[in-house]
Amino acid sequence: GAGVSQSPSNKVTEKGKDVELRCDPISGHTALYWYRQSLGQGLEFLIYFQGNSAPDKSGLPSDRFSAERTGGSVSTLTIQRTQQEDSAVYLCASSPRQGNYGYTFGSGTRLTVV
Amino acid sequence: GENVEQHPSTLSVQEGDSAVIKCTYSDSASNYFPWYKQELGKRPQLIIDIRSNVGEKKDQRIAVTLNKTAKHFSLHITETQPEDSAVYFCAATASGSSASKIIFGSGTRLSIRP
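Chains as they are written, first to last, in the numbering used here: chain F, 404 to 517; chain H, 2 to 115.
Hints in this document: simulated from the structure, not taken from any laboratory. Source: prediction; values computed, not measured. There are no misleading hints in this set.
As a list, the in silico DSS-like pairs of lysine-lysine whose alpha-carbon atoms are at most 30 Å apart:
{"#": "1", "chain 1": "F", "residue 1": "460", "chain 2": "H", "residue 2": "38"}
{"#": "2", "chain 1": "H", "residue 1": "38", "chain 2": "F", "residue 2": "414"}
{"#": "3", "chain 1": "H", "residue 1": "58", "chain 2": "H", "residue 2": "23"}
{"#": "4", "chain 1": "H", "residue 1": "43", "chain 2": "H", "residue 2": "59"}
{"#": "5", "chain 1": "F", "residue 1": "460", "chain 2": "F", "residue 2": "414"}
{"#": "6", "chain 1": "H", "residue 1": "69", "chain 2": "F", "residue 2": "460"}
{"#": "7", "chain 1": "H", "residue 1": "69", "chain 2": "H", "residue 2": "38"}
{"#": "8", "chain 1": "H", "residue 1": "58", "chain 2": "H", "residue 2": "72"}
{"#": "9", "chain 1": "H", "residue 1": "58", "chain 2": "H", "residue 2": "69"}
{"#": "10", "chain 1": "H", "residue 1": "38", "chain 2": "H", "residue 2": "72"}
{"#": "11", "chain 1": "F", "residue 1": "460", "chain 2": "H", "residue 2": "72"}
{"#": "12", "chain 1": "F", "residue 1": "418", "chain 2": "H", "residue 2": "43"}
{"#": "13", "chain 1": "H", "residue 1": "23", "chain 2": "F", "residue 2": "460"}
{"#": "14", "chain 1": "H", "residue 1": "58", "chain 2": "H", "residue 2": "43"}
{"#": "15", "chain 1": "F", "residue 1": "460", "chain 2": "F", "residue 2": "420"}
{"#": "16", "chain 1": "H", "residue 1": "23", "chain 2": "H", "residue 2": "72"}
{"#": "17", "chain 1": "H", "residue 1": "43", "chain 2": "H", "residue 2": "23"}
{"#": "18", "chain 1": "H", "residue 1": "58", "chain 2": "H", "residue 2": "38"}
{"#": "19", "chain 1": "H", "residue 1": "43", "chain 2": "F", "residue 2": "460"}
{"#": "20", "chain 1": "H", "residue 1": "43", "chain 2": "F", "residue 2": "414"}
{"#": "21", "chain 1": "H", "residue 1": "23", "chain 2": "H", "residue 2": "38"}
{"#": "22", "chain 1": "H", "residue 1": "43", "chain 2": "F", "residue 2": "420"}
{"#": "23", "chain 1": "H", "residue 1": "23", "chain 2": "H", "residue 2": "69"}
{"#": "24", "chain 1": "F", "residue 1": "418", "chain 2": "F", "residue 2": "460"}
{"#": "25", "chain 1": "H", "residue 1": "59", "chain 2": "H", "residue 2": "38"}
{"#": "26", "chain 1": "H", "residue 1": "23", "chain 2": "H", "residue 2": "59"}
{"#": "27", "chain 1": "H", "residue 1": "72", "chain 2": "H", "residue 2": "59"}
Label-pair distances were calculated between CB atoms; the ranges are:
{"#": "28", "chain 1": "F", "residue 1": "412", "chain 2": "H", "residue 2": "84", "range": "22 to 30 Å"}
{"#": "29", "chain 1": "H", "residue 1": "82", "chain 2": "F", "residue 2": "456", "range": "41 to 49 Å"}
{"#": "30", "chain 1": "F", "residue 1": "466", "chain 2": "H", "residue 2": "84", "range": "37 to 45 Å"}
{"#": "31", "chain 1": "F", "residue 1": "410", "chain 2": "H", "residue 2": "9", "range": "32 to 40 Å"}
{"#": "32", "chain 1": "F", "residue 1": "416", "chain 2": "H", "residue 2": "79", "range": "39 to 47 Å"}
{"#": "33", "chain 1": "F", "residue 1": "483", "chain 2": "H", "residue 2": "79", "range": "45 to 53 Å"}
{"#": "34", "chain 1": "F", "residue 1": "430", "chain 2": "H", "residue 2": "82", "range": "30 to 38 Å"}
Covered by chain H, per the in silico footprint, the following chain F stretches (three or more residues, Cβ under 8 Å):
{"#": "35", "region": "441 to 451"}
{"#": "36", "region": "507 to 516"}
Ideal placement from N, C-alpha and C gives every residue a C-beta, glycine not left out.
Model the full structure from these sequences, guided by the hints.
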């Protein structure tokens, strides 16, 4: 596609429910990244993919968080048993390849846990 | 791992004046330093980047400088305009097995006074 697409744009869920967030990167971009941005805060790294593999999962806050990528394209970030502190904007970004290239960000999914 | 410090956290300048945002990084092996602009409610967008083999780079009213010895890099905006109001994030790559991961500073909220 022309840009990085994320869905849903907004998600309100009850505490304890599971949620899935989707990211569709720019066509041909092999590297894909997930970041989290709490209100008025910076960008917290969660995980990145090179192709379908995730060399670095060090930013995932707990074992309730997981992510996968299939076909070297779409990625899903799953949060199980959501907690109120999970409320944030989840941003996905992609870049042409592994290495030192600028990211293109999606518009994010605003997750609110009530 | 890499740590990026950014200051000031907020900056207010008169329209037409210059603005300077400064960052330091901890990993001497970092070799790519992008800057992102995030307008209210929007996604971060890459505005300029610099690689470690270059000391300065300019793009119209924006310039970045890099001092590898001191592990400092800065963003300079000249002749500021109202549309420059946004949050600006500096970033640096991590090295080693996480070489594809970009670590962001905490952001600078820039306000341009008319």
